[in-house]
Amino acid sequence: MPPHLKHSLPKAFWIAGLAVVFLLLYAPILSAVLFSFSADRFPSLNMSGFSTEWYTQVLTDRAMLEALWNSLTVAGLTALIATALGFAAAYADYRFRFFGQKAVLALALLPPTVPLVILGLAMLAFFSRIGIAGTLMAVVAAHVVIAAPFAMAICRLRLAQLDETLEIAAQNLGAQPYSALIRIVLPHTLPAILAAFLITFAVSFDEYVISWFTGGLNQTIPVAVLNTLQGQVDPTIHVIGTMSFSVTLTLVLIALAVVLSQSGGAMSKEETQ
Amino acid sequence: MTFPAIPARNSGRRYQSLFQRAWQALWVLPLPVWLLLFFAVPLGLLVAISFWSVVNYRLTPDATLSAWRYVLGLDFLWASFWRSYGLSLSSAVAISLLAFPASYAMAFVATPRQRLILLGFAIAPFFTSYLVRIYSWQVFLAEGGVISSIVQAFGGNGESLLNTYFALFIGHATLALPVVLILQTIALANVDRTEISAAANLGARPGAILFRVILPAARPGLTLGLLFAFLLSYAEFVSAAYLGGGTFQTLPILVTDLVRAGQQWPRAAVVSLLMIASLLVTAFVTVLWAYREKG
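Here the protein sequences come in this chain order: A and B. Once you know that position 214 of the first sequence is 214 in the UniProt record's numbering, the rest is easy, because the numbers rise by one and skip nothing. Once you know that position 183 of the second sequence is 183 in the UniProt record's numbering, the rest is easy, because the numbers rise by one and skip nothing.
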C-alpha cells in the first residue's frame, strides 16, 4: 500500500466488500459439503442428523463409478496432451522468430472466448462426420482445445523470467539445442509445467457442455450431475460435489501456490523494486 | 586443397540448417496443427452447415440461404437475442461493481503477500464444479431454502427467489466473479504508485485520487474485466435453465433446443454464428475503447 494513499472510503468498507465476494464464492461450496453429511433428503437449515448414507450410495453406484473413471481418463489424457502442446507453443514463442508468430498466438488464445455451447455443437458435427462422435477420444480432442491455452499461458509467463541469453550462451559453448533445452529451459520451467498439468486436469475434469454434446453415452462426472440437475432433488449431488471440490480445489491451489511463489510475491513493478 | 573443402562445409551447413528447421518446427507446429484440426475445422464446418438443408430429418449438404432467411425472419429470435444481450450486459456491469471494492481491498489494503493468497482463493472456484455450485444456489434460493428461511425469520414472506433475474444474476456472478476479480486487482495493483503519491502531495482529496488518478489509469484492466464478465454471462446456459427456470429464453438455450428437439442443425448453426458475430463486435469495440488515447 502506497504510504500517501488515503482511502476515499473507510478501510472497513473495502474489507466488507471483500468479505461479501468471498461469501458469494464459497457459500455454495461449503453448503454442498455440509449437506452431503445431512441425514435428510431435502436440504434445509434445521438438519435432523449426521449421516454418511449418501456417500455409501454414491460409492456403490456402478454408473457413478464408471463416470468417475471416464472423468479421470479424459482429464488425465487431456492434461498430458494439453501441457505438452502448451509448453511446445510457449517455448517456440520464447525461443524462435517465425513466420505467422502473432497469428499462432491469436489462434491459441481464441478458444476460451468462443461459447462452449457453440464449440460443442461444432465439434459434435465434425466428430460425427469423421465417425468418432460419442467416444472418449473425441472428448479428449475437444478438451485439449480449451485447456491448451491455459497451459501455454502458464509456461510462457515462466519462460519470460528466464534470461534469454543463457540458452544461446550454452549453444555457443557447443551445447546441442536439445541439451541446452534439457539442462537449462526444462529445469527452470518444470514448476510451471506441473502447474499447467494440474490446471488443465481441473479444466477437463469440470467441463460439461462439450462432454455432454460429444461424449454420447460415455458420461463423465459433470454430465452425470447435469442429468441429475434436470430431475428431482437428489442429495447425492452434494456428495459428488464435495468429492470433486476436494479434487479440483487441491489441484488448483497447489498449482497456484507453485505459480505464485515463483513470481516473487509481487505483481506490480513498483513493489518488486 | 581448400577448393573441395568449401562444398563439403556448405553441405554441412545445409544439413545443419535443415536440422535446425526441423527442430524449430517440432516446437512451433504441434499446437497450431491441433487447433486447426479440432477448432478451426469444426467452426468452419458450422459455417458450411448454416447453408445446408434438412431433408427428411437428415442433414444434407446444400447451398441454400433458407436457414438464414428463416432464422433472421423470426421475431422471437430477435427478442431472444436482445434479451440475452441485455441480461448479460446488466450482469456484467453489476458483477464489475460488486467486484470492485474487493479488488480495491486486495490491491491497496492488503499487503502484497496477502494479496497473492487472497487472489489464489478467489481464482480457485473458477476451476471447481460450476454445476454443483449452481445446484447449491438452487437449494439456497428455493422456497423453504436457506435464504427464504432467513428472510422469514426476519418477518418477510420467504417466497422462492428462483426464476427471477436475481437468481440468474447469482448464476452469472458465480461463473464470472473470479475472472473479474483477478483482472481488476492486477489493473489496480499496477497503477503507478508515484502518481498516487504525487496527487496526494499536491493536495488532492481521496475521492479525487480515486476518480481522477486510479480509475483512469486502471481503465484498460477494469474494462477487460467487464468484457470477460459479459462474454461468460452471454455464453452461459445452465443458470438460465436451472436458476432462471426457463423464464429467460437465451440464445444458448435456443441453440441446444434447436438441435436436440428438431435436428435443426442449419438453424442452430445460424444462431451460433450470430452469437459469435455479436461477441466479436462487442469485444472489438470494448478493446478499442479500453485502449483509446486519453482526451
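No lab work stands behind these hints: they were computed from the structure. Hints may be right or wrong, so weigh each one.
Unchecked claim - Examples of chain B residues toward chain A, derived with CB under 8 Å:
#, residue
1, W27
2, V28
3, W52
4, A94
5, L98
6, A99
7, Y130
8, G207
9, L231
Said to hold, decoys possible - Among the chain A residues that face chain B by a calculated CB cut under 10 Å, a handful are:
#, residue
10, A19
11, L30
12, F37
13, G49
14, F50
15, E53
16, Y55
17, V58
18, W69
19, L80
20, I81
21, T113
22, L217
23, I237
24, G241
25, F245
C-beta: ideal position from N, C-alpha, C; glycine also.
Going back to the hint list, which numbers does this structure go against?
-> Numbers 3, 4, 12, 13, 14, 15, 16, 17, 18, 19 and 22, in rising order.
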